[in-house]
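Trainee: These are the residues of each chain, in order.
2 protein chains.
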Amino acid sequence: MTTGRRAGLDVGGTKCLGVVLDEHGAVIAEHREPTPKGPESIIDTLAGLARRLADAVGGFDTLGVGVPGLVTRNGVLRAAPNLVDIIDFRVGQLLGERLDMKVEVDNDATCAAAAEWKAGEGVGEDEFVMVTLGTGIGGGLVSGGRLMRGVNGFAGEIGHMVVDPDGPPCPCGRRGCWERYASGSGLGRLAREAAEGKRLGNVVALAGGDPDAVRGEHVQQAALAGDVEALEVIHAFGRWVALGLVNLTNVLDPGLFVLGGGLAGSGDLYLGAIREHFTELLYAPTLRPHPRLAFASLGERAGAYGAALLAEVH
Amino acid sequence: MTTGRRAGLDVGGTKCLGVVLDEHGAVIAEHREPTPKGPESIIDTLAGLARRLADAVGGFDTLGVGVPGLVTRNGVLRAAPNLVDIIDFRVGQLLGERLDMKVEVDNDATCAAAAEWKAGEGVGEDEFVMVTLGTGIGGGLVSGGRLMRGVNGFAGEIGHMVVDPDGPPCPCGRRGCWERYASGSGLGRLAREAAEGKRLGNVVALAGGDPDAVRGEHVQQAALAGDVEALEVIHAFGRWVALGLVNLTNVLDPGLFVLGGGLAGSGDLYLGAIREHFTELLYAPTLRPHPRLAFASLGERAGAYGAALLAEVH
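In order, the protein sequence lines correspond to chains W and C.
Under the numbering used here, residues 34 to 347 are what the first sequence spells out, in order.
Under the numbering used here, residues 34 to 347 are what the second sequence spells out, in order.
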């Protein structure tokens, strides 16, 4: 007998979040645990989370897991830069054996895309791109009314589009990846560069007086208080966000971008700059409708919510 | 009664090429005319070409047209940088009225993708990208076993991905578009820059002694003859080609790139450099199978061949 209930787990760098949806898509249970180190401990944590959620609601029909990194079409996490000792982690198989049920696995940004597509800003859109602006940049793609995964399952690694081959080094080993500019860490880097030569005094003060300690949130805080130099950094940052969105528009021609991740919370701060530079950088801007820009409505739950939909969304 | 015969017309900057395919996909008629100026003359030429092809084979069932530029989902060419006086050209409707039959219309690189997908290097591939390297760069995308067109029909404008926002100006009005580097005109530009300071003597000699007259074909010619300086330019050029292919791989994760257009004819010259830099620039290159690189097998007929398939390929 089916219950209509679907569970989803989202493995983050610091915490694992689990939710259960009822047959209408409402979140009827939620729980979180710190993310442990190493694959065996992660399976333990996820199994515990799943059992706890099952106990809370009286069981569920399907289970999905979202994980950060490159996920193959058969649910193997090939590598995850933000998880320790993870390589070729057969998370779906191992968790499935433990719980004696089928477990769907996909990339966390792809899960977030599924969530926004079915229950958030992307409802009704056949062509849209989810962009998660956090420490790095993740992506999930919907095209032709289905999730795009590519031949290996690795589609949507949009943060590693190279936007300047001689740009700053990226932890991925290359230079000038989009996420070096348009993520939270990119915002901090732009601010630290601007802080050289004794500029950006208010932002540096918020970072305790040390220019090297400036992070994205200090710029946001000063900009929200109206600091002109901080607003200039935000403007430059918005241009880099726009550049990547433009490149994705040239390739994919989506009707909508949904911006999520930690930076989306203060998205109104950037929206004007993004729109201005989007028009400046787009090919043939006057000959086409521009894609809509929206901020994710499912917040930090998007990954787990979307993981809960993996069994039914293709 | 259906004949199984399908006709396709390809509108190029200098000539219009028409073909008829039999029920097995063999080209059984072919004809070309110079591309005239202005929309009415183009309709006249296409109608004449279609009638001539019909007379040659005794009629056909379907007709498709490939045109350069932004084509809407209902067959309107919004703008074509390489055709004079073309804006909002309802080529499908006008030609259809003239010939009293339905006419399918799509972007020429999308047509080339359809052709390679159904009858060329892409047969059997569900995820591939067609890249036409000519004066500019065009693109056609297949994902999930169907042509991707985006919400407006403008997907695949890959030549205008910005790979350096402070790069050289592009006729499209922006700076640092991929096709400023990785097209035939990009190769010429790289060579002219290298020719400054009295370098690249053999290439300049092939251009009649004038460094400003250097074009891509002079570099190719010198490189094929073993000129070391020309080969260095080819190497740098291959890195730019690789950069765009890497960005497309990060976004789309295709199993195959088919390289077509004028530069594909001497593709073996670049292939080594492209492969080397592809591995250097790709995110997580050791954790994934690399997409196959192939050169288009349908040559200059690809656009017309693919246009002939538009009625049946979705």
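Hints are computed from structural coordinates only; laboratory data are not their basis.
Treat the hints with caution; some may be incorrect.
Across the chosen pairs, the derived CB separations fall in these ranges [unchecked claim]:
1) W:E73 x C:P318: 24 to 34 Å
2) W:D199 x C:V156: 48 to 58 Å
3) W:D199 x C:G305: 51 to 61 Å
4) W:R208 x C:R85: 51 to 61 Å
5) C:D159 x W:G241: 34 to 44 Å
6) C:P69 x W:P204: 49 to 59 Å
7) C:D243 x W:P202: 50 to 60 Å
Glycine included, every Cβ here is placed at the ideal spot set by N, Cα and C.
Trainee: Give a verdict on every hint.
Mentor: Do the hints match the structure? See the list:
1. A hinted range of 24 to 34 Å holds for the C-beta pair E73 of chain W and P318 of chain C, which are about 28 Å apart.
2. Distance hint for D199 of chain W and V156 of chain C: a CB-CB separation of about 39 Å, inconsistent with the stated range 48 to 58 Å.
3. A beta carbon spacing of about 22 Å between D199 of chain W and G305 of chain C contradicts the range 51 to 61 Å that was offered as a hint.
4. About 54 Å separates the C-beta atoms of R208 of chain W and R85 of chain C, a value consistent with the hinted range of 51 to 61 Å.
5. The hint said 34 to 44 Å for the Cβ distance between D159 of chain C and G241 of chain W, and at roughly 53 Å that hint is violated.
6. Remark: the range hint 49 to 59 Å for P69 of chain C to P204 of chain W is upheld by a beta-carbon distance near 55 Å.
7. The hinted window of 50 to 60 Å between D243 of chain C and P202 of chain W is violated, with their beta carbons roughly 40 Å apart.
When each numbered hint is compared with the structure, violations occur for hints 2, 3, 5 and 7.
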